[in-house]
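Below, each chain spelled out in residue letters.
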Amino acid sequence: EAQVTQNPRYLITVTGKKLTVTCSQNMNHEYMSWYRQDPGLGLRQIYYSMNVEVTDKGDVPEGYKVSRKEKRNFPLILESPSPNQTSLYFCASSNWGGFGELFFGEGSRLTVL
Amino acid sequence: QKEVEQNSGPLSVPEGAIASLNCTYSDRGSQSFFWYRQYSGKSPELIMSIYSNGDKEDGRFTAQLNKASQYVSLLIRDSQPSDSATYLCAVRGAAGNKLTFGGGTRVLVKP
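Those protein sequence lines, which keep their order, are chains A and B.
So the number in my numbering is just where the residue sits in the first sequence, counting from 1, plus 64.
So the number in my numbering is just where the residue sits in the second sequence, counting from 1, plus 1254.
Among the clues, some could well be false.
Example chain A residues on the side facing chain B (calculated, C-beta under 8 Å, incomplete) [what the hints assert, rightly or not]:
hint	residue
1	Gly106
2	Val116
3	Phe163
Lysine to aspartate or glutamate pairs mimicking EDC-like chemistry, simulated, CA-CA at most 16 Å apart [said to hold, decoys possible]:
hint	chain 1	residue 1	chain 2	residue 2
4	B	Lys1352	A	Glu170
5	B	Lys1321	B	Asp1309
6	B	Lys1352	A	Glu94
7	B	Lys1352	A	Glu165
8	B	Lys1364	B	Asp1337
Over the 12 Å line for every Cβ pair with chain B, so calculated as not near, a few chain A residues [as the list claims (entries may be wrong)]:
hint	residue
9	Glu65
10	Asn71
11	Gly80
12	Lys82
13	Gln109
14	Ser144
15	Thr150
16	Ser158
17	Thr175
18	Val176
For the record, the hints were derived by calculation from the structure and aren't laboratory data.
Every residue gets a Cβ at the ideal spot worked out from N, C-alpha and C, and that includes glycine.
Excised from the complex, chain B in its bound form:
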């Protein structure tokens, strides 16, 4: 079992719709959770971080964390073609020094 798992996609959504991305992790002691966006041929960039159970909103992005279910998700509202990218879930384990990435979910927003 991979430490951080994501559906590889592609997740195809029409422009203006909500894109929902999921991520599960195996280390129950994990404390910090991140979503990075990576455009093709570019380096990852941080879009959201979440540390406690519940929802965290930033503009069109909402991160949701459920530690009991070991599950973190990202919602992209009013999806735009510029949101087309690969979204990487990253989890910092209980030990603290290690940030483990999932394989990423490719999102395609169609006009």
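Next up, chain A with everything else stripped away, as it sits in the complex:
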């Protein structure tokens, strides 16, 4: 089954404790992206990757890191989480260099205390 898999789905952590949210897709898509969704603000892009070893900032990259060492994986790293990073996070992938349909993971709800 074609899918984008995120882990963990739910996480409660404390300020400053490094965490990684994994994202994996099995559709051989070149393009992957991370979004955060907050009430009233919609989906905002954090980082995206056009291909392996190619990443770029989205609209709200501060406080986040990403890496793209393999085509299928695109982890999101919070080196020192803060309460304002409490949000619902979605990973997405697409073919055709990002011009095709975006397929979303199920989301990861993160709470930073």
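Use these hints to put chain B onto chain A, whose structure you have.
This is chain B only, laid out in the frame that chain A set:
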């Protein structure tokens, strides 16, 4: 001014009626336009894409695009309770790499 704007709703429509959702965007060079549906607690899923001016129909859904007015809309005909969700408008800008989402319109279809 937000890059992609939608009325947050809720838009309440009776079952069987037409729901009309609107979206405006600021990047005049935008080329691709999408409507995603998001059920509460779920991830967004694509329901329509439109690239040229005019109407595009798919089942009960019709997307309308007017690039001169920087306006894209979605009509849902014969609305069903299962259509109750948040509808997200997404616009791909002229640069191509960035897909910008509006805040979404919540639709409630009442039996």
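Which of the listed hints are not met by the structure?
2, 4, 13 and 16
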